[in-house]
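*Asks:* With chain A fixed as given, assemble chain B onto it according to the hints.
Protein chains in written order, with the numbering used here: chain A, 1 to 280; chain B, 281 to 569.
These are computed hints drawn from the structure, not numbers from a lab.
Careful: at least some of the hints might be erroneous.
[Said to hold, decoys possible] Listed next, with one range per pair, are the computed distances between beta-carbon atoms:
| id | chain 1 | residue 1 | chain 2 | residue 2 | range |
| --- | --- | --- | --- | --- | --- |
| 1 | B | 332 | A | 62 | 40 to 46 Å |
| 2 | B | 392 | A | 262 | 49 to 55 Å |
| 3 | A | 261 | B | 328 | 49 to 55 Å |
| 4 | A | 54 | B | 347 | 49 to 55 Å |
| 5 | B | 430 | A | 227 | 35 to 41 Å |
| 6 | B | 352 | A | 108 | 22 to 28 Å |
| 7 | B | 352 | A | 158 | 30 to 36 Å |
[What the hints assert, rightly or not] On the chain A side, residues computed to face chain B include the following (Cβ under 7 Å):
| id | residue |
| --- | --- |
| 8 | 10 |
| 9 | 44 |
| 10 | 96 |
| 11 | 100 |
| 12 | 174 |
Ideal Cβ placement from N, Cα and C applies to all residues, glycine included.
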Amino acid sequence: MIISIASGKGGVGKTFVSTNLALSIEEENVQFLDCDVEEPNAHIFLKPQIELIEPVNVLVPEVNENKCTYCNKCSEFCAYNAILVSPKKIVIFPELCHSCGGCSLVCTVNAIKEIPFKIGNIYKGKYQNIDLIYGELDVTRPLAVPIIKEVKKRIDKEKIVIVDCPPGASCPVIESVKGSDFVILVTEPTPFGLHDLKIAVDVISGLKIPFGVIINRSDIGNKDLWDFLERKNITLLLEIPFNRRIAEFYSNGIPVISYMPNLKEKFKILFEKIKMMVKK
Amino acid sequence: MKQVVILSGKGGTGKTSLAAAFAAIEKNCIVVDCDVDAPDLHILMKPKVIKTKDFYGLKLASIDKNKCVQCGSCINNCRFEAISDDYIVDPVSCEGCGVCSLVCPANAITYIDKKAGEIYISETKYGPMVHALLIPGEENSGKLVTMTRFSANMVAYEEKKDFIIIDGAPGIGCPVISSVSNTNFAIVITEPTESGLHDLKRVIELIDNFNSKPFVIINKFDINNEKTLEIKNYCESKNISVLGEIPFDIIFIKAMLEGANIIDYSPESEISLLIRKIWSKFKKLTEKN
Numbered sequence: 001m002i003i004s005i006a007s008g009k010g011g012v013g014k015t016f017v018s019t020n021l022a023l024s025i026e027e028e029n030v031q032f033l034d035c036d037v038e039e040p041n042a043h044i045f046l047k048p049q050i051e052l053i054e055p056v057n058v059l060v061p062e063v064n065e066n067k068c069t070y071c072n073k074c075s076e077f078c079a080y081n082a083i084l085v086s087p088k089k090i091v092i093f094p095e096l097c098h099s100c101g102g103c104s105l106v107c108t109v110n111a112i113k114e115i116p117f118k119i120g121n122i123y124k125g126k127y128q129n130i131d132l133i134y135g136e137l138d139v140t141r142p143l144a145v146p147i148i149k150e151v152k153k154r155i156d157k158e159k160i161v162i163v164d165c166p167p168g169a170s171c172p173v174i175e176s177v178k179g180s181d182f183v184i185l186v187t188e189p190t191p192f193g194l195h196d197l198k199i200a201v202d203v204i205s206g207l208k209i210p211f212g213v214i215i216n217r218s219d220i221g222n223k224d225l226w227d228f229l230e231r232k233n234i235t236l237l238l239e240i241p242f243n244r245r246i247a248e249f250y251s252n253g254i255p256v257i258s259y260m261p262n263l264k265e266k267f268k269i270l271f272e273k274i275k276m277m278v279k280k
Numbered sequence: 281m282k283q284v285v286i287l288s289g290k291g292g293t294g295k296t297s298l299a300a301a302f303a304a305i306e307k308n309c310i311v312v313d314c315d316v317d318a319p320d321l322h323i324l325m326k327p328k329v330i331k332t333k334d335f336y337g338l339k340l341a342s343i344d345k346n347k348c349v350q351c352g353s354c355i356n357n358c359r360f361e362a363i364s365d366d367y368i369v370d371p372v373s374c375e376g377c378g379v380c381s382l383v384c385p386a387n388a389i390t391y392i393d394k395k396a397g398e399i400y401i402s403e404t405k406y407g408p409m410v411h412a413l414l415i416p417g418e419e420n421s422g423k424l425v426t427m428t429r430f431s432a433n434m435v436a437y438e439e440k441k442d443f444i445i446i447d448g449a450p451g452i453g454c455p456v457i458s459s460v461s462n463t464n465f466a467i468v469i470t471e472p473t474e475s476g477l478h479d480l481k482r483v484i485e486l487i488d489n490f491n492s493k494p495f496v497i498i499n500k501f502d503i504n505n506e507k508t509l510e511i512k513n514y515c516e517s518k519n520i521s522v523l524g525e526i527p528f529d530i531i532f533i534k535a536m537l538e539g540a541n542i543i544d545y546s547p548e549s550e551i552s553l554l555i556r557k558i559w560s561k562f563k564k565l566t567e568k569n
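One chain only, chain A, in its complex shape (with noise of 0.2 Å):
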């Protein structure tokens, strides 16, 4: 079964609410990806015993000056700005490419070869009995998608999957969400959680995955909200109230729930909840 945690807006709880659920369900076979390859957090709670770390490359053109005739085909053909070519130059900007490929195929003189680009890493690694997978975009490398991509390959079906997805609405959301039985969507009762919260809708939606709402900090803001969940009969799975000892925690990476039982115990009836409601 694989559970994604989605938000919207950033900064709600997302890592907050995957970690603390991957925790309490130490009694199932756990695998924990971090999809938010931009800025990943889920290691700095789920410290991990790090066992492998790979590379991940795309595939970018090099163009054999001797070939090229400056003909400007891959530069006219390639939709993403990535070649561009002067009367005797031609210069390549790596971190723009897809990766398509159409730059080589529409080559006359067979001048393009495509050679691997190093975006990012794949860490692998062991925190008690849970497998931790998380990708790590290189910085100033723009395209996170290809690494959310990698990191998906590793999913082992057998385990209860827990996907950390990256904060916004478009493709690498698209992408970390994929394919999941079931989403949980982290918001916060403030017209800026709401606001999201209904474009994370939309989105979830649109993917046609059975998905529910987790309030964070439910006491500090209006009713808008519950009468938004109300209206569209979404499933409101979970309410935490803020709690100045959980900020406190948290801001020291320590997993809350190692400290608060109770909590705990709710994260363990989510689980069943959520269950369930994959199963219908």
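*Replies:* Only chain B this time, still in chain A's reference frame:
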């Protein structure tokens, strides 16, 4: 004219609330929301939209069933696994590269423009605002950010603004890169948490690759004084000015719940005065740049 982008790495540290506050304080500025995935600045700025422009992102392949000879060339050459065995294009996976139509022997594939979002040029009580919305699930937020900033630059030049204040997205990927390029300054809002510091370091490393001078603001500094010290030490080691430390204050949240700009909601509060001080410090430090 100076361009300043507000970033954070980690989400939820207070970028939008502070961008709105700066826009209220700075008299001659234009404010731009570049968090096009999940824009929230309009909630505080209450813009009146004057002009809307459509944004077209990547094109989408479309297969003409009547012409298709089912040879499999497109499926075999598509690197994005976007064409199914029964020759249906998955609009989510298709990145509009053009390879399938290039290899199709039957000329059955064309590319269609796909509206991926909108750009808005607006008026607010604080001055002009440019913002955008990516249609949920669409790609190419980086290009939308670039187009949004382009519109903002036009307005700023026309109206001779001193500052363009850009509210950025969390993370360090394509929309953030598009937000930070060609700016003069980047103000990073962080919080004293392990995650906040981790993400701050990555976003500073990104800014270092551009010609933008970084500054830091520590929000909710008193939730963990040790971590705040750690952040200050890090900034000192990197020779980055900390513009200010803002305490955790319920009034900040109350203003946001009302959808109000903190500077209007509680103009005489300690927080508002502190934010004014931060902005003047920033202006003073950047006068000569």
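*Asks:* Can you let me know if the beta-carbon spacing of residue 261 of chain A and residue 328 of chain B is within 49 to 55 Å?
*Replies:* With a Cβ separation near 52 Å, residue 261 of chain A and residue 328 of chain B satisfy 49 to 55 Å, so the hint holds.
*Asks:* Evaluate the given range 49 to 55 Å for the C-beta pair formed by residue 392 of chain B and residue 262 of chain A.
*Replies:* Holds, at about 54 Å.
*Asks:* Just to be sure I understand the hint, the distance between the Cβ atoms of residue 332 of chain B and residue 62 of chain A should be within 40 to 46 Å; is that true here?
*Replies:* 43 Å, holds
*Asks:* The hint names residue 10 of chain A as touching chain B; please verify it with the least Cβ-Cβ distance against 7 Å.
*Replies:* 1 Å, holds
*Asks:* Take the C-beta atom of residue 352 of chain B and the C-beta atom of residue 108 of chain A, compute their distance, and say whether it sits inside 22 to 28 Å.
*Replies:* 24 Å, holds
*Asks:* Can you verify the interface hint for residue 100 of chain A: is its Cβ closer than 7 Å to any Cβ in chain B?
*Replies:* 3 Å, holds
*Asks:* With 7 Å as the cut and Cβ atoms as the points, is residue 174 of chain A at the interface with chain B?
*Replies:* The hint holds - residue 174 of chain A has a Cβ within 7 Å of chain B, the shortest such distance being about 6 Å.
*Asks:* Range hint 30 to 36 Å: satisfied by the CB atoms of residue 352 of chain B and residue 158 of chain A?
*Replies:* Cβ of residue 352 of chain B to Cβ of residue 158 of chain A: about 33 Å, so the range 30 to 36 Å holds.
*Asks:* Checking hints one by one. Is residue 44 of chain A an interface residue toward chain B, by the C-beta closer than 7 Å rule?
*Replies:* 5 Å, holds
*Asks:* Do residue 430 of chain B and residue 227 of chain A keep their Cβ atoms within the hinted range of 35 to 41 Å?
*Replies:* Hint holds: Cβ distance 38 Å, inside 35 to 41 Å.
*Asks:* Taking the beta carbons of residue 54 of chain A and residue 347 of chain B, is their distance inside 49 to 55 Å?
*Replies:* 43 Å, violated
*Asks:* Identify whether the interface hint at residue 96 of chain A stands, where standing means a beta carbon of chain B within less than 7 Å of its own.
*Replies:* 9 Å, violated
In summary, the structure is inconsistent with hints 4 and 10 from the numbered list given earlier, while agreeing with the others.
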